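Q: Okay, here's what each chain looks like letter by letter:
Number of protein chains: 2
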Amino acid sequence: MITRMSSLFLRTLRDDPADAEVPSHKLLVRAGYVRRVAPGVYSWLPLGLRVLNKVENVVRREMNAIGAQELSFPALLPKEHYETTGRWEDYGDALFRLKDRKGGDYVLGPTHEELFTSTVKAECSSYKDFPIILYQIQTKYRDEERPRAGILRGREFVMKDSYSFNMVDEGLEESYQLHRGAYRRIFDTLGVEYVICAATSGAMGGSASEEFLAIADNGEDTFVRSTESDYAANVEAVVTHPPAALPITGQAEATEHHTPDCTTIEALVEWANREGIAVRGRDVTAADTLKCVIVRITEPGTDDEGNPHRPTLAGVLVPGNREVAMKRLEAALVPATVELADDKDFARNPFLVKGYVGPRALAEHGLQVLADPHVFEGSAWITGADKPEHHMVGMVAGRDFTPDRVVEAAEVLEGDPAPDGKGTLTLARGIEIGHIFQLGRKYTEAFEVYIPDESGKRTVPTMGSYGIGVSRLVAVLAEQMHDEVGLRWPATVAPYDVHVVIANKDEAATTAASELVEKLSDAGLDVLYDDRPKVSPGVKFKDSELLGMPLIVVVGRGFSERKVELRNRFTGEKLDVAYEEAVATVQKALQEL
Amino acid sequence: MITRMSSLFLRTLRDDPADAEVPSHKLLVRAGYVRRVAPGVYSWLPLGLRVLNKVENVVRREMNAIGAQELSFPALLPKEHYETTGRWEDYGDALFRLKDRKGGDYVLGPTHEELFTSTVKAECSSYKDFPIILYQIQTKYRDEERPRAGILRGREFVMKDSYSFNMVDEGLEESYQLHRGAYRRIFDTLGVEYVICAATSGAMGGSASEEFLAIADNGEDTFVRSTESDYAANVEAVVTHPPAALPITGQAEATEHHTPDCTTIEALVEWANREGIAVRGRDVTAADTLKCVIVRITEPGTDDEGNPHRPTLAGVLVPGNREVAMKRLEAALVPATVELADDKDFARNPFLVKGYVGPRALAEHGLQVLADPHVFEGSAWITGADKPEHHMVGMVAGRDFTPDRVVEAAEVLEGDPAPDGKGTLTLARGIEIGHIFQLGRKYTEAFEVYIPDESGKRTVPTMGSYGIGVSRLVAVLAEQMHDEVGLRWPATVAPYDVHVVIANKDEAATTAASELVEKLSDAGLDVLYDDRPKVSPGVKFKDSELLGMPLIVVVGRGFSERKVELRNRFTGEKLDVAYEEAVATVQKALQEL
Numbered sequence: 001m002i003t004r005m006s007s008l009f010l011r012t013l014r015d016d017p018a019d020a021e022v023p024s025h026k027l028l029v030r031a032g033y034v035r036r037v038a039p040g041v042y043s044w045l046p047l048g049l050r051v052l053n054k055v056e057n058v059v060r061r062e063m064n065a066i067g068a069q070e071l072s073f074p075a076l077l078p079k080e081h082y083e084t085t086g087r088w089e090d091y092g093d094a095l096f097r098l099k100d101r102k103g104g105d106y107v108l109g110p111t112h113e114e115l116f117t118s119t120v121k122a123e124c125s126s127y128k129d130f131p132i133i134l135y136q137i138q139t140k141y142r143d144e145e146r147p148r149a150g151i152l153r154g155r156e157f158v159m160k161d162s163y164s165f166n167m168v169d170e171g172l173e174e175s176y177q178l179h180r181g182a183y184r185r186i187f188d189t190l191g192v193e194y195v196i197c198a199a200t201s202g203a204m205g206g207s208a209s210e211e212f213l214a215i216a217d218n219g220e221d222t223f224v225r226s227t228e229s230d231y232a233a234n235v236e237a238v239v240t241h242p243p244a245a246l247p248i249t250g251q252a253e254a255t256e257h258h259t260p261d262c263t264t265i266e267a268l269v270e271w272a273n274r275e276g277i278a279v280r281g282r283d284v285t286a287a288d289t290l291k292c293v294i295v296r297i298t299e300p301g302t303d304d305e306g307n308p309h310r311p312t313l314a315g316v317l318v319p320g321n322r323e324v325a326m327k328r329l330e331a332a333l334v335p336a337t338v339e340l341a342d343d344k345d346f347a348r349n350p351f352l353v354k355g356y357v358g359p360r361a362l363a364e365h366g367l368q369v370l371a372d373p374h375v376f377e378g379s380a381w382i383t384g385a386d387k388p389e390h391h392m393v394g395m396v397a398g399r400d401f402t403p404d405r406v407v408e409a410a411e412v413l414e415g416d417p418a419p420d421g422k423g424t425l426t427l428a429r430g431i432e433i434g435h436i437f438q439l440g441r442k443y444t445e446a447f448e449v450y451i452p453d454e455s456g457k458r459t460v461p462t463m464g465s466y467g468i469g470v471s472r473l474v475a476v477l478a479e480q481m482h483d484e485v486g487l488r489w490p491a492t493v494a495p496y497d498v499h500v501v502i503a504n505k506d507e508a509a510t511t512a513a514s515e516l517v518e519k520l521s522d523a524g525l526d527v528l529y530d531d532r533p534k535v536s537p538g539v540k541f542k543d544s545e546l547l548g549m550p551l552i553v554v555v556g557r558g559f560s561e562r563k564v565e566l567r568n569r570f571t572g573e574k575l576d577v578a579y580e581e582a583v584a585t586v587q588k589a590l591q592e593l
Numbered sequence: 001m002i003t004r005m006s007s008l009f010l011r012t013l014r015d016d017p018a019d020a021e022v023p024s025h026k027l028l029v030r031a032g033y034v035r036r037v038a039p040g041v042y043s044w045l046p047l048g049l050r051v052l053n054k055v056e057n058v059v060r061r062e063m064n065a066i067g068a069q070e071l072s073f074p075a076l077l078p079k080e081h082y083e084t085t086g087r088w089e090d091y092g093d094a095l096f097r098l099k100d101r102k103g104g105d106y107v108l109g110p111t112h113e114e115l116f117t118s119t120v121k122a123e124c125s126s127y128k129d130f131p132i133i134l135y136q137i138q139t140k141y142r143d144e145e146r147p148r149a150g151i152l153r154g155r156e157f158v159m160k161d162s163y164s165f166n167m168v169d170e171g172l173e174e175s176y177q178l179h180r181g182a183y184r185r186i187f188d189t190l191g192v193e194y195v196i197c198a199a200t201s202g203a204m205g206g207s208a209s210e211e212f213l214a215i216a217d218n219g220e221d222t223f224v225r226s227t228e229s230d231y232a233a234n235v236e237a238v239v240t241h242p243p244a245a246l247p248i249t250g251q252a253e254a255t256e257h258h259t260p261d262c263t264t265i266e267a268l269v270e271w272a273n274r275e276g277i278a279v280r281g282r283d284v285t286a287a288d289t290l291k292c293v294i295v296r297i298t299e300p301g302t303d304d305e306g307n308p309h310r311p312t313l314a315g316v317l318v319p320g321n322r323e324v325a326m327k328r329l330e331a332a333l334v335p336a337t338v339e340l341a342d343d344k345d346f347a348r349n350p351f352l353v354k355g356y357v358g359p360r361a362l363a364e365h366g367l368q369v370l371a372d373p374h375v376f377e378g379s380a381w382i383t384g385a386d387k388p389e390h391h392m393v394g395m396v397a398g399r400d401f402t403p404d405r406v407v408e409a410a411e412v413l414e415g416d417p418a419p420d421g422k423g424t425l426t427l428a429r430g431i432e433i434g435h436i437f438q439l440g441r442k443y444t445e446a447f448e449v450y451i452p453d454e455s456g457k458r459t460v461p462t463m464g465s466y467g468i469g470v471s472r473l474v475a476v477l478a479e480q481m482h483d484e485v486g487l488r489w490p491a492t493v494a495p496y497d498v499h500v501v502i503a504n505k506d507e508a509a510t511t512a513a514s515e516l517v518e519k520l521s522d523a524g525l526d527v528l529y530d531d532r533p534k535v536s537p538g539v540k541f542k543d544s545e546l547l548g549m550p551l552i553v554v555v556g557r558g559f560s561e562r563k564v565e566l567r568n569r570f571t572g573e574k575l576d577v578a579y580e581e582a583v584a585t586v587q588k589a590l591q592e593l
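Protein chains in written order, with UniProt numbering: chain A, 1 to 593; chain B, 1 to 593.
I should point out that these hints are in silico values taken from the structure, not numbers from a laboratory.
Only a predicted model underlies this, so the values are computations on that prediction, with no experimental measurement involved.
It cannot be assumed that every hint is accurate.
Same chains, same names: a pair is fine if it fits in one copy or spans any two.
What the hints assert, rightly or not - In silico BS3-like cross-links for lysine-lysine, where the CA-CA straight-line distance does not exceed 27 Å: (1) K505 with K128; (2) K26 with K121; (3) K102 with K327; (4) K128 with K534; (5) K79 with K26; (6) K26 with K102; (7) K354 with K542.
Please construct the entire structure, taking both the sequences and the accompanying hints into account.
A: As structure tokens, this is what we get:
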């Protein structure tokens with residue numbers, strides 16, 4: 001197949017779009033792959049659509065290979081389904097809601113658990129209908145608060161979502177592993193650099209869950225991995241293994257000290273070392289101090305009288321060298337939401353002495369005390385004394401204060417021991433490209449899916465939910481594979497296999513280029529042919545770099561010696577090839593990409 | 001490729017769905033191709049999705065062949081685009097409107113003239129960028145007042161819409177003809193029985209326009225065709241050629257008659273013939289009487305003070321043997337809307353004597369008089385005398401009354417002369433499957449698309465707009481090709497090429513069937529294999545008829561003599577074939593379909 005640039009609907013731009021911050025966004029717009037229509041809403045121009053379709057096909061092939069069956073649900077969905085599961089409310093502002101001419105309430109589907117579950121309920125009646133894996137590749141809608149980075153986080157986007165239904169839990173594990181394998185093959189085929197991260201299940205409910213994160217400095221998600229094993233996890237999912245409890249007996253009594261101007265950890269550590277206070281024979285560090293952070297926790301839903309739950313205050317204890325990681329804390333307290341307490345909270349509770357809060361006052365005044373696992377039994381701390389300009393030294397957990405609950409609340413730091421006991425953790429950023437999830441029976445129970453099992457017993461099937469951000473993957477590939485001059489597409493998804501540039505005005509060269517293009521097409525290749533008569537070679541070269549086909553063939557000056565130049569967009573390598581051998585050389589180079 | 005029915009996500013239904021009236025709707029639901037989610041909103045289950053995709057691919061191939069370039073616009077569109085063209089208002093309740101979290105107004109795109117035009121404006125800057133044909137195959141949304149017949153008229157549906165942009169009018173004609181050819185090839189490939197009808201341009205503006213109508217008794221559109229030529233037209237577009245004017249001199253004076261109880265045409269004709277009134281020496285028929293129908297015409301938009309235009313009353317003159325065809329009248333008066341006057345209108349205007357309205361009173365009281373072309377100059381009529389129980393005889397057009405305007409207002413009748421002068425018209429019903437349209441500069445002017453032509457002159461490109469109802473075509477094929485027992489798919493779009501049914505419990509037969517299925521698949525065919533172990537042959541046969549693959553192979557009793565049966569779903573023909581020759585015979589039969 002041949003596309004001639006003289007008639008291609010394409011305009012490349014010299015300048016980055018004003019609203020673009022990340023390279024993929026800049027380049028996809030500059031190269032004419034996508035165009036912005038509204039915040040987070042994009043058009044796919046011809047080249048972009050070709051990449052999107054190719055990504056879809058890679059996904060489709062691997063889904064079919066695990067026996068998943070493709071169908072397609074509407075995007076316009078009646079409210080009822082989302083009321084059944086409570087997500088009409090839970091989704092909040094992220095749901096696009098609308099009314100039809102008769103006043104009926106509808107949503108634009110943000111994800112389709114509801115439709116799949118109710119359809120399985122309607123179509124299936126026997127254990128023999130299971131297991132099932134169903135999927136669709138479909139346009140979804142989420143009214144993101146901050147759509148960003150072009151198609152990386154859009155409000156209208158293409159997703160592959162699939163759902164497994166099994167009569168027994170072991171079946172769910174099997175469907176989950178099938179997906180895990182398919183996802184690995186998909187991302188490997190596309191050449192994405194990614195990690196599989198243990199994830200928390202968040203608001204979705206359910207148990208096991210892993211995220212596939214493409215590694216990218218611009219990523220929104222932080223993850224950790226071990227220096228010495230395959231361990232990788234979303235920071236929310238990192239589990240801290242505290243040391244064994246220390247004996248309390250024999251530890252010195254806690255003592256109160258006057259500590260003026262010690263409202264920061266740094267000042268406190270400096271004071272302690274100035275005073276000669278030592279911990280197990282060494283200088284005090286920030287890790288020996290205890291931060292006592294006051295937060296406001298709100299449970300979702302309403303109380304018995306139908307009013308939203310009021311927030312309650314709690315104290316969170318973390319070592320002084322770590323911040324409270326709000327996302328980790330929230331993941332631990334799901335489905336509640338957590339915010340930092342504000343000045344009004346302190347004003348209303350004068351026993352909270354700002355800068356000098358300690359665990360004792362909390363307990364005395366009935367506030368819940370949540371401790372990070374680092375604050376383990378027998379550990380001793382320098383902490384606030386609950387009065388201005390005073391701190392306590394030698395406050396021992398389990399003796400001088402006792403947490404109500406241990407939760408993962410502290411940030412994960414580079415160098416922390418890996419939870420699997422092998423090596424230490426490094427921090428990196430990534431973009432979520434896939435998520436697999438053992439959902440359990442939350443949705444099948446909500447929709448009352450009852451299926452008689454082999455013995456006739458009424459059984460609720462268990463469900464898995466699995467997603468791939470298909471349109472996002474186009475941005476991720478651009479993000480990971482571009483260089484300073486433009487896009488670079490792997491052969492699997494490049495809009496065209498090869499880009500032929502005519503850069504010689506000689507009539508014989510022009511004829512030869514056209515013939516070469518025909519021959520490449522006859523050999524089954526998709527060819528982009530820059531035949532624009534009045535465009536300079538320099539502009540053509542720049543465009544070919546920007547557009548990013550993996551191979552570029554230049555019919556240029558060398559044609560006087562019947563040579564063409566083969567450029568590899570990834571390696572930058574340039575090779576002179578005899579015109580007669582050009583087709584074979586291109587085919588070979590494509591296989592080697 | 002092989003799909004086994006033992007694991008296929010499919011439930012066939014014995015009964016027609018309660019809300020289904022037309023065969024395609026009943027069968028597509030019963031055969032498990034689609035499922036209703038909300039009025040006019042359907043899910044595509046695996047078999048249905050396969051047909052939809054195949055139809056899409058036929059469309060895509062022919063669009064690419066005329067040099068059209070595929071892209072994809074969002075469905076979620078900001079209000080601004082539709083305000084520029086006034087369609088935010090004009091579309092009325094048919095537009096799905098919604099707000100995002102920030103209060104911004106959006107629509108779900110019902111058709112994309114706006115997006116294509118503004119994109120061409122943004123991307124094109126030179127006459128060298130033209131001509132362009134762009135298209136997409138995309139999900140569209142229209143809040144139909146009466147969604148009907150399943151996917152035949154849905155609220156969420158798939159359309160191919162394309163748009164041509166040309167610098168000169170001759171180019172538009174060329175792009176139009178390219179589409180006309182592509183559409184013919186598409187519908188011919190699919191095997192649809194259709195006519196190309198001259199159409200009015202309706203509210204879209206523009207000039208030449210043709211509709212592709214699939215012939216179907218259940219169709220919503222009435223069209224006419226000639227008994228002796230290729231002429232076909234939407235009834236709205238039928239042009240009446242009146243006879244030459246008759247001489248007025250020499251015609252008898254009009255006379256007033258007492259006509260009690262003659263408030264119907266039948267009674268009036270009976271009275272006339274009883275009185276011995278003759279027309280050119282023959283008995284009076286209904287065609288000699290003149291109906292004077294009062295209508296209310298409302299112009300769109302607002303008056304100078306911003307109020308909606310008030311309706312004005314007018315009289316419409318048609319021969320007594322024809323009804324006023326409101327759609328034809330409205331097409332003639334576009335963009336105004338037309339309704340019949342009601343009792344209040346008569347009460348307010350006592351000069352309108354119900355049952356005895358004639359053209360004279362209208363003129364005297366300043367009402368506009370609209371005459372159908374059948375009411376031509378010199379024609380004489382029996383008509384109301386504008387007082388109770390009285391009619392006039394011999395009222396001559398051009399002498400006793402003069403229409404203000406001639407408009408196509410009367411219904412077209414079977415047997416009317418064809419407008420092309422060849423043969424007479426027959427009436428039939430159809431379903432619109434395609435529409436091609438020389439739109440002109442309405443949208444390019446609204447978006448101020450100015451392109452310098454070769455001489456540098458600022459030029460507004462002219463546009464064509466072309467649509468195919470892709471999801472509707474699935475229903476149309478079902479509608480035209482089904483029989484009393486089920487669906488019948490042409491090989492081009494059938495979900496599978498062949499349906500293999502095992503109807504013999506013998507182990508050797510089962511093994512042979514499985515091997516046959518593998519061989520068919522190896523030969524490149526898509527095979528649906530009914531391997532369900534506990535389902536009776538009778539049920540399997542019924543399902544195979546319902547599902548409608550073009551060829552069915554039964555491995556049944558005959559296998560004891562190593563024979564299988566090949567059934568042709570279209571002809572009903574059954575053929576015994578030696579097992580060893582089955583693959584070759586199926587391949588041959590497929591080619592001959």
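Q: Take the hints in turn and mark each one as holding or not.
A: Hint check results:
no.: 1; hint: K505 with K128; verdict: between (69 Å within a copy, 19 Å between copies)
no.: 2; hint: K26 with K121; verdict: between (45 Å within a copy, 21 Å between copies)
no.: 3; hint: K102 with K327; verdict: between (42 Å within a copy, 25 Å between copies)
no.: 4; hint: K128 with K534; verdict: between (66 Å within a copy, 11 Å between copies)
no.: 5; hint: K79 with K26; verdict: between (38 Å within a copy, 26 Å between copies)
no.: 6; hint: K26 with K102; verdict: between (43 Å within a copy, 25 Å between copies)
no.: 7; hint: K354 with K542; verdict: neither (59 Å within a copy, 79 Å between copies)
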